[in-house]
Amino acid sequence: MAGPSPHKPRRKAKRAGGNGPSNLPVIMEREALVRVPSFPLAAFLWPARSSVSQWELLPLILMVVGLFRWAAGLWGYSGFKKPPLFGDYEAQRHWMEITTHLPISQWYFHDLEWWGLDYPPLTAYHSWICGKIGSLIDPAWFALYDSRGSHDPTLKIFMRATVLVSEYLIYIPAAVIFVRRFSRLSDVPAWTSSVALVAILMQPATILIDHVHFQYNTVMLGFVLASMSSMLAGRNLWASFFFVLALGFKQMALYYAFSVFAYLLAVCVFPRINIPRFIGIALVTVVSFAILLLPVVAGTLSEASRGITAHPDGAYPPLPLFSDLAKHLNTEAFYYPVVEQLVQIIHRVFPFARGLFEDKVANFWCAMNVVIKLREYPAELLQKGALVATLAAIVPPNLILFLRPNKHLQPNKLLLPLAFATTAWGFFLFSYQVHEKSVLLPLMPMTLLLAGKQGLGNKRAWVGFANILGCWTMYPLLQRVDLRVPYTVLTLLWAYLLGLPPTSLNAYFQDGSSIWSQWATAFIHGFFYLTMAFWHVLDMFVVAPKDKPDLWVVANVGVGAVGFSLCYLWCLGSLVIESEILTSWTGKKMKTKTQ
Amino acid sequence: MAEIYPSLVQCAIVAAAFKILLFPAYKSTDFEVHRNWLAITHSLPLWDWYYENTSEWTLDYPPFFAYFEWIMSQVAKLADPAMIWVHNLEYDSWQTVYFQRWTVIVTELVLVYALQMFVDSTHGVSKRAAQAAAVSILLSPGLLIIDHIHFQYNGVLYGILIASLVLAKKKSSLLASGLVFAALLCMKHIYLYLAPAYFVYLLRVYCLSPKSIFRIQFFNCVKLGGGIAAIFAAAFGPFALRNQIPQIFSRLFPFSRGLCHAYWAPNVWAMYSFIDRVLISLAPRIGLPIKADALNSVTRGLVGDTSFAVLPDITPRMCFVLTLLFQAIPLIKLFMRPTWEGFIGAVTLCGYASFLFGWHVHEKAILLVIIPFSLIALKDRRYLGAFRPLAVAGHVSLFPLIFTPAEFPIKTIYTIFWLVLFLMAFDRLAPAPTRQRLFLFDRLSTAYITVGIPLIFYCSLMHGIIFGKSYEFLPLMFTSSYSAIGVVGSWLGFMVVYFTE
Numbered sequence: 358m359a360g361p362s363p364h365k366p367r368r369k370a371k372r373a374g375g376n377g378p379s380n381l382p383v384i385m386e387r388e389a390l391v392r393v394p395s396f397p398l399a400a401f402l403w404p405a406r407s408s409v410s411q412w413e414l415l416p417l418i419l420m421v422v423g424l425f426r427w428a429a430g431l432w433g434y435s436g437f438k439k440p441p442l443f444g445d446y447e448a449q450r451h452w453m454e455i456t457t458h459l460p461i462s463q464w465y466f467h468d469l470e471w472w473g474l475d476y477p478p479l480t481a482y483h484s485w486i487c488g489k490i491g492s493l494i495d496p497a498w499f500a501l502y503d504s505r506g507s508h509d510p511t512l513k514i515f516m517r518a519t520v521l522v523s524e525y526l527i528y529i530p531a532a533v534i535f536v537r538r539f540s541r542l543s544d545v546p547a548w549t550s551s552v553a554l555v556a557i558l559m560q561p562a563t564i565l566i567d568h569v570h571f572q573y574n575t576v577m578l579g580f581v582l583a584s585m586s587s588m589l590a591g592r593n594l595w596a597s598f599f600f601v602l603a604l605g606f607k608q609m610a611l612y613y614a615f616s617v618f619a620y621l622l623a624v625c626v627f628p629r630i631n632i633p634r635f636i637g638i639a640l641v642t643v644v645s646f647a648i649l650l651l652p653v654v655a656g657t658l659s660e661a662s663r664g665i666t667a668h669p670d671g672a673y674p675p676l677p678l679f680s681d682l683a684k685h686l687n688t689e690a691f692y693y694p695v696v697e698q699l700v701q702i703i704h705r706v707f708p709f710a711r712g713l714f715e716d717k718v719a720n721f722w723c724a725m726n727v728v729i730k731l732r733e734y735p736a737e738l739l740q741k742g743a744l745v746a747t748l749a750a751i752v753p754p755n756l757i758l759f760l761r762p763n764k765h766l767q768p769n770k771l772l773l774p775l776a777f778a779t780t781a782w783g784f785f786l787f788s789y790q791v792h793e794k795s796v797l798l799p800l801m802p803m804t805l806l807l808a809g810k811q812g813l814g815n816k817r818a819w820v821g822f823a824n825i826l827g828c829w830t831m832y833p834l835l836q837r838v839d840l841r842v843p844y845t846v847l848t849l850l851w852a853y854l855l856g857l858p859p860t861s862l863n864a865y866f867q868d869g870s871s872i873w874s875q876w877a878t879a880f881i882h883g884f885f886y887l888t889m890a891f892w893h894v895l896d897m898f899v900v901a902p903k904d905k906p907d908l909w910v911v912a913n914v915g916v917g918a919v920g921f922s923l924c925y926l927w928c929l930g931s932l933v934i935e936s937e938i939l940t941s942w943t944g945k946k947m948k949t950k951t952q
Numbered sequence: 009m010a011e012i013y014p015s016l017v018q019c020a021i022v023a024a025a026f027k028i029l030l031f032p033a034y035k036s037t038d039f040e041v042h043r044n045w046l047a048i049t050h051s052l053p054l055w056d057w058y059y060e061n062t063s064e065w066t067l068d069y070p071p072f073f074a075y076f077e078w079i080m081s082q083v084a085k086l087a088d089p090a091m092i093w094v095h096n097l098e099y100d101s102w103q104t105v106y107f108q109r110w111t112v113i114v115t116e117l118v119l120v121y122a123l124q125m126f127v128d129s130t131h132g133v134s135k136r137a138a139q140a141a142a143v144s145i146l147l148s149p150g151l152l153i154i155d156h157i158h159f160q161y162n163g164v165l166y167g168i169l170i171a172s173l174v175l176a177k178k179k180s181s182l183l184a185s186g187l188v189f190a191a192l193l194c195m196k197h198i199y200l201y202l203a204p205a206y207f208v209y210l211l212r213v214y215c216l217s218p219k220s221i222f223r224i225q226f227f228n229c230v231k232l233g234g235g236i237a238a239i240f241a242a243a244f245g246p247f248a249l250r251n252q253i254p255q256i257f258s259r260l261f262p263f264s265r266g267l268c269h270a271y272w273a274p275n276v277w278a279m280y281s282f283i284d285r286v287l288i289s290l291a292p293r294i295g296l297p298i299k300a301d302a303l304n305s306v307t308r309g310l311v312g313d314t315s316f317a318v319l320p321d322i323t324p325r326m327c328f329v330l331t332l333l334f335q336a337i338p339l340i341k342l343f344m345r346p347t348w349e350g351f352i353g354a355v356t357l358c359g360y361a362s363f364l365f366g367w368h369v370h371e372k373a374i375l376l377v378i379i380p381f382s383l384i385a386l387k388d389r390r391y392l393g394a395f396r397p398l399a400v401a402g403h404v405s406l407f408p409l410i411f412t413p414a415e416f417p418i419k420t421i422y423t424i425f426w427l428v429l430f431l432m433a434f435d436r437l438a439p440a441p442t443r444q445r446l447f448l449f450d451r452l453s454t455a456y457i458t459v460g461i462p463l464i465f466y467c468s469l470m471h472g473i474i475f476g477k478s479y480e481f482l483p484l485m486f487t488s489s490y491s492a493i494g495v496v497g498s499w500l501g502f503m504v505v506y507f508t509e
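Line by line, the protein sequences give chains R and E. Take any residue in the first sequence, note its place counting from 1, add 357, and you have its number in my numbering. Take any residue in the second sequence, note its place counting from 1, add 8, and you have its number in my numbering.
If you're looking for bench data, these hints aren't it; they were derived computationally from the structure. Heads up, some of the hints might be wrong.
[Stated by the list, open to error] Per label pair, the in silico range of CB-to-CB distance: (1) R:A500 - E:F475: 23 to 29 Å; (2) R:A877 - E:S101: 44 to 50 Å; (3) E:T66 - R:Q836: 37 to 43 Å; (4) R:V911 - E:S101: 29 to 35 Å; (5) R:S861 - E:F475: 51 to 57 Å; (6) E:L452 - R:S861: 44 to 50 Å; (7) R:W412 - E:G234: 57 to 63 Å; (8) R:R837 - E:F481: 41 to 47 Å.
We treat Cβ as the ideally placed atom computed from N, Cα and C, and that holds for glycine.
Here chain E stands alone, though its shape is the one from the complex (with noise of 0.2 Å):
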C-alpha cells in the first residue's frame, strides 16, 4: 500500500516550524520547575536531589525524570553556564529560554517515533484511520498549549506511552511494553492511574495461559517481574541505599493538598462544586441547612475549594474508593476479554475514572485520556461519537492555563483548527459501526459541540467587555463546567460502547 500523505514527519516539521515561532511566548512557573531542575542535577550530588528546597519547586517527579534532567543540563551548559546555578532563580536568559524550549522539541521525536510505529503496525483499510489518528495526536492542541506555551515535557512522556500501548499488540513484544510501561512509571508517577490496566491485560495475557486462566506461564512471571524489579532497582536503588526513599515518595505524593486544583479539572467534582454553589442561592428558599463556616472560608473562590456550603464534604477516601470502583468495572471485562483494543480502552477508562474522580486533579491530567482514546476513536462511529465531546471538552478545558492576551490568538484558532480539521476527517474515516449506533446520543452530542460556540465567545471576550475584572471566577466556573459535562458525558458514552462491543 502506497504511503498515505501527509506523514508524520511532513507534520513534525511544520510543527516545529511554528513551536520555534512560540519560542518568545508565554511561559508559566513550570518553565522555572525545569531549569531549576536542570540546575539541581547538574550541580549537586545524586543524594541531594530529593532534600534540595531553595526554590520553591522541588524536584517531585520519580527519579528516571531526574536523570533526565541530567542528562539534558550536560547540554545546558554548553548553551548558558548560569542556568545551571541552584540559587539562580527565575533565570530567564535568552539562551535559556531557546535551550529548554528547543529541548521541547527534540525530545518530542520520541512521540511521532512511537506514533509511526503505530501507524506501521496498522494493516489494511484502517491504515489511512491510523495514519489520521497519529497525527491527530501529534498535532494535539493538549501538547502545544502545555509542551510549547506553558511548558511541559509531556511529548515524550505521551511518546513512551503509545511505544507501550503499540507494544502491547505484539504478543513477541508484551514484555517490553510492560518494561517501558515501568521505566514510564520511574519518569513521571502520574501513569499509576493506568497500571490496573496494564496490570490485568499483562496478568491475563501474558502471566497467564491464554487457554485457562489458572494454568500460570510461570516464566512468563519470572520475566516480567525481574524486569519491572531490575528498572525500579535502577531508578530508585541509589536512592534506597540511603534509605531516602520515604523522603522522595512524600515528594511524589503530597497529601496535604486540596479537592480540586486552583482552577476546576472538569470531573465530577467540578460539578459537585458547582451545583453546591447553586445551593447557597437556593438553599433558604427549599429549606437546607448552609455551614456558615465554609462559606466564609478564605479558600473560596479561585483557590482550592474543599469544603462545600450545603453538600456532604468528600474526603480522599471516597475519591480512592470511587477511581477503584469505576476502573475496576472494564477491568473486569478486559481480564474476561483480553484483546488490544479492549486493552486501549480499557487504559482509556482507567484515565478516565481517575480524571473524573480523583482527588487534586489537574486539568492537563485530561491528556492522560485523550491520547489513548486517540488510538481506537476510529474503530467505528460509535466509539468516535463518544470520543468527540472529549476531544472539545478537553481541550477547551485547557484554555485558562493560557491567560495573557498575546497567546489567546493561538490557543483558540489552532484549538478551532485542530477541531474542525480532525472532526470532520475522523467523520469521513471512521466505518459504520457493526452494532446499532446510539441515536439520540449523536444528536446530544452535536447539541454539546454547537453550545460551546458561544460559551468560549462569552468567557473569553463578552465577559471582559461586561463586568470587567469583576466576577472573575464565572467564566472559569462555566468553562470547567461546561467541560465537565463534555467529559462526564463522553465517559458514559465511552462505558456504554465499551460494555456493548
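With the rest of the complex left out, here is chain R (with noise of 0.2 Å):
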C-alpha cells in the first residue's frame, strides 16, 4: 500500500479559483468550502474544485454537452413523415432550398403557402450558407420544388449539425464569456461559475427545441447572450452591434429590446448625460441594420437592372402593408423594387394579420379564453389591450433598470439578467401571437440566474420551477412527434443535476433566505409540480371527453399560465429587492453613513 506520497506533482497546483479577486468575501468562501456538494451536479465537479484549472475543465464540459445534443438529435424532429406540410424542420430546409436556388429578390416572395420565408433577413443568409454547403455534398437535398419534405437520413444529420455548429459557433463561447463575466462581478468563485455553465447549457428547453423539435433559437439567444456580455464588459457598441444581429436573425428577439434600450440609455445617462456616447450607439445601430439589409437592397437592385423581378409570374400585386405609399412613389422608379422588398420583409416577418395568440400557449391570454372567449371581441381592441397589458407588465422592470444605479452611480449590470427575464415574461403572457416555443426568451436570462450571487443557492428553486414548468408546457408540441422519451429524460436529468423536485427537495432549504419564504416556496411550487406529474397521469391514461378533445391541453396551458405568471411575479420581486430601491428608501429616512 502506497502510503501518502511524497511525490512531485508534474505541474504546479493552480491556485482555486485563480482568476476571481483575492479578497473573498465571506459568502463566497461559505460556498466554495462546504463540506459536501449540496445537489449531483456540484457532486459531478467536485474534483475539479481545487487545482484544476478553467481550461481543462471547460473542454471536458463542452465535449458532455454536445454529446447530449448530439445523442438527444437521434431522435425524430418536428414534421416527420407528416403530410402534407411536415413542420419546422420542413421550414428550415425549404428556406435552405429557396435561398440556393432563387435570386435574392424572389426569397421573401416564393410560394408563401409552403413555408414562405417569414424570419429576417440573416436567417435567410444563415439558411443560403447551410444550404450552399450542403448542395456541396448532395445536390438533391436541396433540389428545387423536389427535395419537398425529404427525409433522407443524411439530409437528418446534416441539418442536425447544422444546429450543433451554429450553437458552437455562436450561442456557447457566448454564454461561456458571460457566465465569466457575471459571475466575477458577483463575487462568485471560478469553481461555483463552471457549475452553472454546465446546468446552464444543460437547460432541457433548448435542447428540446433546438436539437430535438428543431430550430436555430439558440443562434438568437448566442447574439443576445453576446450582446449583454458586452454590457457586462462595458462595450456598448458591441452590445447594439449583436442585438441587432439577434433582431435580424428572429424578430422574436424584440422580447428583449426595451431591456436593451432601457440599459444603453442609462448608459448614456448616467452618471452623467454622454451625447457622443449616444449618438455613437445609435450609430452602430443604424449602420448595423443596413448592413444587415445591404445584401437583400443590393441584390435586389442589381437583380431588377438585369430585369429579374420579384415576382417572375409577372404580376404586379399592391403593396401588402402601408398601400398608401404606392400612391407617393412611382412604381417604375429604380428604387421601387426596393421599397417593395421592405416593406415585404416587415409583412413577413410581423405577421399583424393573426389572431392573438396560435395554438395553445401558457400565457394570459390564451388561459383567459377559456372563461372568456376572446376571439368574439374585435381585433382592434384586443390588439390595443394587449399592448397596454405589455407595457404595464415591462415598464416597471425597465424603469428599475434605468433608474437604479449601483453604488458607483453607473447603471447596475447586476441587474441585467433579472431586467431582461421580466421583460421577456411580460411580453410572453401578454403581447400579440404567443407562441409556445417563445417560452425559451424569458428562461435564457432567467437561467443566467445561476451563475449570479446565489444563483446555485436560494435562487436554484425559483430558476428551476422555471425550467421544468416551461419543459412541461411544450410537452403538448413535443407528444405530437413522439418525442416523449428525450423530453422525459433531459427534464428529468436535468431536475436531478441541480437537486429539483421530483429528484430532490435540497434547493428549497438554502441558505440566505427565511424559514418562511423557504416554507411558502417549498409549497407552492409543491404544488404545481404535484399537478404537473398529475396532469401526466391523467393525460397518459384518461382519455379526455368527447366534447372537450382539448381539456388536457387547456389544462396545461392554464397551470402553465398561472406558473408564469408567479415566475415573473418572482422575477420582478427579486428586482425590486436586488436594485435596492426599497432598502434606499428607508436608508434615505434614517441617513444611514453607508449610503
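Make one complex out of these two single chains by using the hints.
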C-alpha cells in the first residue's frame, strides 16, 4: 500500500479560482468550502474544486453537453413523416432550398403557402450558407421543388450538424464568456461558475426545441447573450451591434428590446449625460441594420437592372402594408423594387393579420380565453388590450434597470439578467401572437441567474421551477411527434442534476433566505409539481371527454400561465430587492452612513 | 472517511440518461442475435435450444446465458409478443428496441454493484484512486460502444467478473470468487482465457497451505471442486441427460473460422498481416518468393485473411502454443508470490496473451484486458504508464465497429472525453512508484498518443474526402496496426512492471 506519497506533482497546482478577486467575500468562501456537494451536478464537478484550471474543465464540459445534444438529436424532429406540410424542420430545409436556388429578390415572395420565408434576413443568409454547404455534399437535399418534404436520413444528420455547429459558434462562446464575466462581477468563485455553466448549457427546453424538435433559436439567443456579455464588459457599441444581429436573425428578440434600450440609454445618462456615447450607439445601431439589409437591397437593385423581379409570373400586386405609400411613389422608379422588398420583409416578419394567439400557449390571453371567449371581441380592441397589458408588465422592470444605479452611480449591470427575464416574461404573458416555443426567451436570462450571487443557492428553486414548467408546457408540442422519451430524459436529468423536484427537495432549504419564505416557496412549487405529475398521469391514462378533446392541453395552458405569472412576479420582486429600492428609501429616511 | 464524489450511483444515473437517448442509434446484427435467442429460449423446449437453426444467428453462448435470455423473455412477451416468435426474423418494432435496450441498462446494475464492492474493499489513501478507476470502468467507452450502440450484454458479464475478482481479495470469500467465476464461464466461454490465472491463484492460496506448497488443504479442495462441479452440472446437466454436449461444444467452439476476424483485431497477427502486405510490394526487389495462390485468394481484402503471401502461414496450434506460453510466464510468478494485486496482474496478462496471440480474436475482446487492468492501473505511475497506451489503442480499435455517420460524433467525442478526463485524473491520483520508472517508456507512450490524433482524423474524415470509397481497407488497416502497436507496447511495458515488482 502506497503511503501518503511524497511525490512531486508534475505541474504546479493552480490556485483555486485563480482569476477571482483575491479578497473573497464571506459568502463566497462559505460557498466554496462546503464539505458536501448539495446537488448532484456539484458532485460531478467536485474533484475539480481545487487545482484544476478552468481551461482543463471547459473542454470536458463542452464535450459532454455536445454529446447530450447530439444523442438527443438521434430522435425524430417536428413534422417527421407528417404530410402535407411537415413541420419546422421542413421550413428550415425549405429556406435552404429557396435561398440557394432563387434570386435574392424572390426570397420573401416565393410560394408563400409552402413555408414562405418569414424570418428576418440574417436567417435567410444563414440558410443560404447551410444550403450551399449541404449542396456540396448532396445537391438533391435542396433541389428546387423536388426536395420538399425530404426525409433522407443523411440530410437529417446534416441538418442536426448545422444546428450544433451554429450553436457552438455563437451561443456557447457567448454563454461561456457571459458566465465568466457575470460571476466575476457577482464575486462568485470560478468553480461555482463552472457548475452554473453546465446547468445553463444543459437547459432542457433549449436542447429539446433546437436539437430535437428542430429550430435555430440558439443563434438568436446567442447573439442576445453576446450583447448582454458586451454590456457587462462595458462595450456598449458591441452590445448594440450584437443585439441588431439577434433581431436580424429572429424578430422574437424584440422581447428583450426594451431592456436593451433601457440599459443603453441609462449608460448614456448616468452618471452624467454623455451625448457622444448616445450618438455612437445610435449610429452603430443604424449602420448594423444597414449592413444587415445591404445584401437584400443591393441584390434587389442589381437583379432589377438585369430584369429579374420579385414576381416571376409578371404580376404587380399592391404593397401588402402601407398601401397608401404606393400613391406617393413612382412604381416604375429604380428604387421601387427595394421599397417593395422592404415592405414585404416587414409584412412577412410581423404577421399583424394573425390572431391574438396561435394554437395553445401558456400565456395570459390563451388562459383567459377559457373563461371569456376572446375571439368574439374585435381584433383591434384585443390588439390595444395586448399592447396596454404588455406595457404595464414591462415598464416597471425597465424603469428599475434605467433608474437604479449601483454604488458607483453607474447603471447596475448585475440587474441585467433579472430585467431581461422580467421583460421577456411580460412579453410572453401579455403580448400578441405568442408561440409556445417563445418560452425559451424568458427562460434564457432567468437561467443565467444561476451564475450570479446565490444563483445555485436559494435562487435555484425558482430558476429550476421556471425551466421544468417551461418544458412541461411544451410537452403537447413534443408528444405530437413522439418525443416523449427525450422530453422525459432531458427534463428529469436536469432536475436531478440541480437537485430539483421530483428528484429532491434540497433546493428549497438553502441558506440565505428566511424559513418562512423557504416553506412558502416549497409549498407553492410543490403544488405545481404535483399538478404537473398528476396531469401527466391523466394525459397518459385518461382519454379526454369527447366534447372537449383539448381538455388536457387547455389544463396544461391554464396551469402554465399561472406558473409563468408567478415566475414574472418573482423576477420582478427579486429585481426590486436587488436594486435595493426599498432599502434605499428607508435608508434615506434614516440617513445611514453607508449611503 | 467521507464519501468521494461523484458517487457511482450518481454516475450511473447520468450515464443511464445518456444511454436512453441512444435508443434510436445504430444497432448491429447482435441485436437480432439476442432477439432470436429470446425467441428460441421462450418458445422452444430446452433440448431444442442448441439445435434450432431457423435464423443464421444460432445460440452459441453457454447455457447460463441461455437461461438469462429465458428470464428476460418472460418480460419480453409483455412488451411485444411478436418479439419472441422464432420465425419473426429481423423484427425490430419500437417496443422491441426499447425493451432490449432497457435490458442492457438494467442488467448493467450488476456492474455498478460490483464496482461499489471494489471501492468498498479499498481503504485508506487509495480509496480515491479506486473510486476513479471504478467510475472509469462504469463510463468506459468500450462498454458504451459495444453494449449500448452495437448491442451486447458485456455490462452484466464484466460486472460478474469484477465481483469475482473483488471476492478474491479476502481470504474468507475465495471460495465464492471461484464459484462466481465458474458461473461466469457458464454464461460466456470467452472468459476461459482468464481461467488459468484463476486456477493458479486458487490452487496456491486456497487449495495449498500458505506455508508450504506441498501441504494440500484437502477440505478446501473438496469445497471448491464440488462447488464448481455443481455449477457446471446446473448449466450443462440438463443437456448432458440427452447427450447434447458435443452439439453444444460444436456451437461454442467453431474452429472453422479464420486466423483474423473480418476486421483485424489489434493483435500480433494484425502486425503480421501488415508486414506481409508491405512485403508483397517489397518482395520482388529483395528477391523473396510470393505465394501466388495467397495473393489471388478471394478472401483478401476486408474479409478474414488466413493465408499470407510472403510470410509463413499460421496454424491454430501455433496460436494455442504461443498463448499458453505467454500466459504461463506470469503465472509462474503468481504461483511464487500470490498477492491479490499479482493475481489481477496475472488475469490481465492472461487476457493480453490470448488477445495478442489467439486464433480468430474479435476486437471486442480487448475489454478482457482493459477492465481487469483498470483495477490496478492506479497502483503507481509505472502501472499507469503501461495502461495509457492500452487505454488509447484499445478504445480506438473499437471505432470501426460503428461506421454509421450519425453515431460517428458519439463514438469519437465520447472516447476523447473519456481519455482526456481519466488520463488527466489518473495522472493526478497515481502515486509515485517505489521503484525506478522506465523513463523512456513514458516518453514513448506520450509520443504514441500524440500520433493517434492525426491518425484518427485521417481515418475518419480525410480518407473519405481524398479517396472517396476506394481503398476502404486502408483506414481500417492503419487503425488496427496503430492500435496493435499500442496494445503490444503496453503489454511489453506491463510485463516489465509485473516482473520487476
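Tested hints:
no. : hint                        : in the structure
1   : R:A500 - E:F475: 23 to 29 Å : 27 Å, holds
2   : R:A877 - E:S101: 44 to 50 Å : 49 Å, holds
3   : E:T66 - R:Q836: 37 to 43 Å  : 41 Å, holds
4   : R:V911 - E:S101: 29 to 35 Å : 33 Å, holds
5   : R:S861 - E:F475: 51 to 57 Å : 53 Å, holds
6   : E:L452 - R:S861: 44 to 50 Å : 48 Å, holds
7   : R:W412 - E:G234: 57 to 63 Å : 60 Å, holds
8   : R:R837 - E:F481: 41 to 47 Å : 46 Å, holds
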